[in-house]
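For the protein sequence lines, the chains are A and B, in the order given. Each residue of the first sequence is one higher than the one before, starting from 1 at the first, in this note's numbering. Each residue of the second sequence is one higher than the one before, starting from 1 at the first, in this note's numbering.
The hints are simulated quantities; they were obtained by calculation from the structure and are not laboratory data. Treat the hints loosely; a few may be bogus.
Copies of the same chain are indistinguishable here, so a pair counts whether it falls within one copy or spans any two.
List time: in silico DMTMM-like cross-link candidates among lysine to aspartate or glutamate, alpha-carbon distance up to 25 Å [said to hold, decoys possible]:
1. Lys149 - Glu77
2. Lys218 - Glu31
3. Lys194 - Glu127
4. Lys194 - Glu117
5. Lys218 - Glu117
6. Lys194 - Glu118
7. Lys149 - Glu117
8. Lys218 - Glu234
9. Lys194 - Asp164
10. Lys194 - Glu234
11. Lys194 - Glu132
12. Lys194 - Glu136
13. Lys218 - Asp153
14. Lys194 - Glu207
15. Lys194 - Glu221
16. Lys218 - Asp3
17. Lys218 - Asp188
18. Lys149 - Glu207
19. Lys218 - Glu132
20. Lys194 - Glu64
There are 2 protein chains.
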Amino acid sequence: MIDAGIVLASDSRTNAGVDNISTFRKMKVFERPGDRVIVMVNSGNLAVTQATLNHLEQGMRRAEGAPNIMNVRSMWEVAELVGSALREVRHRDGPFLMQTNVDASANFIIGGQIAGEEQRLFMVYTEGNFIEATPETPYFQIGEVKYGKPIIDRVITAGTNMDDAVKCVLVSFDSTMRSNLSVGLPIDLVCYEKDSLHLSLVRRFDEQDPYMRTLRQKWGEGVRRAFAELPRLEWDGH
Amino acid sequence: MIDAGIVLASDSRTNAGVDNISTFRKMKVFERPGDRVIVMVNSGNLAVTQATLNHLEQGMRRAEGAPNIMNVRSMWEVAELVGSALREVRHRDGPFLMQTNVDASANFIIGGQIAGEEQRLFMVYTEGNFIEATPETPYFQIGEVKYGKPIIDRVITAGTNMDDAVKCVLVSFDSTMRSNLSVGLPIDLVCYEKDSLHLSLVRRFDEQDPYMRTLRQKWGEGVRRAFAELPRLEWDGH
């Protein structure tokens, strides 16, 4: 989340052991232009995250008075709804998964804006509690978080513009994909511009995407050039 | 490990919670010029790694016939000695540490050469078993491994020269230190040139080290420049 808006992205790789790698969308958009844009990305056990989203969607079809994603008045309440749904699913399915030592953990990042308040960004933990991004910590990562963190730490501040934020997110994913098989293209990416109350960009980058290919190639070249230009250590061995 | 030799490095940060961060050397050198160079770096529970090293040193003072680090004829046997010592320490101390949920895990990387065989590189797991580096996987990391992995994956091959390997190891540590508080300067670094049977470089880099400062600054600048030169994504939002 930057002053200009929010960028959210997710890969599509799901793995249950290296012999079973599939592609599933991990991003969900709830949008009513002019009223709200809510984007969720998730990581962890796919059955748990899908059941949690199903739970939220069922809530939208229930009696009109009951709070749901499309009628609550704050992003905080959205995060509460996600946390509660996640708790309910894990309460129901968790004991069965534990019997075979299956990891039932799941995380959500929720970003967006509801008319009447500011844009906000949350991360929901597997326990169902959550935290909100602050100016000091403007971004969240879930899933395979470490390989892609250094570039975000170097580039992103509140004042970063949207173009650079998009580039940074894609470079962060590229670093992760190079070092970890369980993260892979395609990547779903959305841009939300602050106070617009609609999504500006919804885009999927796959292996054939020309921008993604250029970015990966030029980033690799740029990093190797930066490396080559570093001075060598002077020592007697030479 | 590259064709030209081996570079080993370790940071010195030990933490038992963020309010208790101390500096301890995590590298141990066993060298008898012309006969053997054995360098060990470790990660994990400091009491366990120190006790393991103590165990190995006691072995060197025992009856002359018994195998120890300084008399075995292969690096494989060195790795076996380290694994056995680690198992013994964990067998003795582990149950007490478990009582208070203290993590008793520890890892070692062992690199070097003994006269009569090639240079070799091993990683000893906390369970005491170990693996050896191959041309396809020429490097090992232990401890906080992920942040610093992408640059190694991009740069290091068997044909990389020693200067570049040294730069790469230091850049890898820099990336890790930027993203994780539990890794910090000073860094101990040694270079071993293949078949030399003595260490070419033993150097400690601290906060004031001019080369390390230059490297960090120039690398940061180079990465930001590489990032700035990436093309922006063309989209209708602009």
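Checked hints:
1. Taking identical chains as interchangeable, the C-alpha atoms of Lys149 and Glu77 are never at most 25 Å apart, the minima being 28 Å within one chain and 39 Å between chains.
2. Proximity of Lys218 and Glu31 under a CA criterion of 25 Å is satisfied in neither setting, with 34 Å inside one chain copy and 44 Å between copies.
3. Taking CA atoms no more than 25 Å apart as the test, Lys194 paired with Glu127 passes in neither setting, with 30 Å inside one copy and 52 Å between copies.
4. Proximity of Lys194 to Glu117 under the C-alpha cut-off of 25 Å is restricted to the intra-copy arrangement: shortest distance 11 Å within a copy versus 64 Å between copies.
5. For the identical chains of this complex, Lys218 and Glu117 are neighbours neither inside a copy (39 Å) nor across copies (42 Å), given an alpha-carbon limit of 25 Å.
6. In this homomeric assembly, Lys194 and Glu118 come within 25 Å of each other (Cα to Cα) only inside a single copy, at 8 Å, whereas the closest approach across copies is 61 Å.
7. For the identical chains of this complex, Lys149 and Glu117 are neighbours neither inside a copy (29 Å) nor across copies (41 Å), given an alpha-carbon limit of 25 Å.
8. Taking the shortest alpha-carbon separations for Lys218 and Glu234, only the inter-copy value of 16 Å comes in at or below 25 Å, while the best intra-copy value is 30 Å.
9. Only within a single protomer do Lys194 and Asp164 lie at most 25 Å apart by alpha-carbon distance; the minimum there is 16 Å, versus 44 Å between protomers.
10. Proximity of Lys194 and Glu234 under a CA criterion of 25 Å is satisfied inter-copy only: 19 Å between copies versus 50 Å inside one chain copy.
11. Taking CA atoms no more than 25 Å apart as the test, Lys194 paired with Glu132 passes inside one copy only; the shortest distance there is 17 Å, against 52 Å between copies.
12. In this assembly of identical chains, Lys194 and Glu136 lie within 25 Å of each other by CA distance solely inside one copy; the values are 18 Å within and 47 Å between copies.
13. Taking CA atoms no more than 25 Å apart as the test, Lys218 paired with Asp153 passes in both settings, with 20 Å inside one copy and 16 Å between copies.
14. Proximity of Lys194 to Glu207 under the C-alpha cut-off of 25 Å is found in neither arrangement, the shortest distances being 30 Å within a copy and 41 Å between copies.
15. Taking identical chains as interchangeable, the C-alpha atoms of Lys194 and Glu221 are never at most 25 Å apart, the minima being 34 Å within one chain and 30 Å between chains.
16. Taking the closest pair of Cα atoms, Lys218 and Asp3 never come within 25 Å of each other, the shortest separation being 27 Å inside a single copy and 28 Å across copies.
17. In this homomeric assembly, Lys218 and Asp188 come within 25 Å of each other (Cα to Cα) only inside a single copy, at 21 Å, whereas the closest approach across copies is 33 Å.
18. With identical chains, the CA atoms of Lys149 and Glu207 are at most 25 Å apart both within one copy (22 Å) and between copies (23 Å).
19. When the C-alpha separation of Lys218 and Glu132 is checked against a cutoff of 25 Å, the pair qualifies neither within a copy, at 34 Å, nor between copies, at 34 Å.
20. Taking CA atoms no more than 25 Å apart as the test, Lys194 paired with Glu64 passes in neither setting, with 29 Å inside one copy and 75 Å between copies.
In summary, the structure is inconsistent with hints 1, 2, 3, 5, 7, 14, 15, 16, 19 and 20 from the numbered list given earlier, while agreeing with the others.
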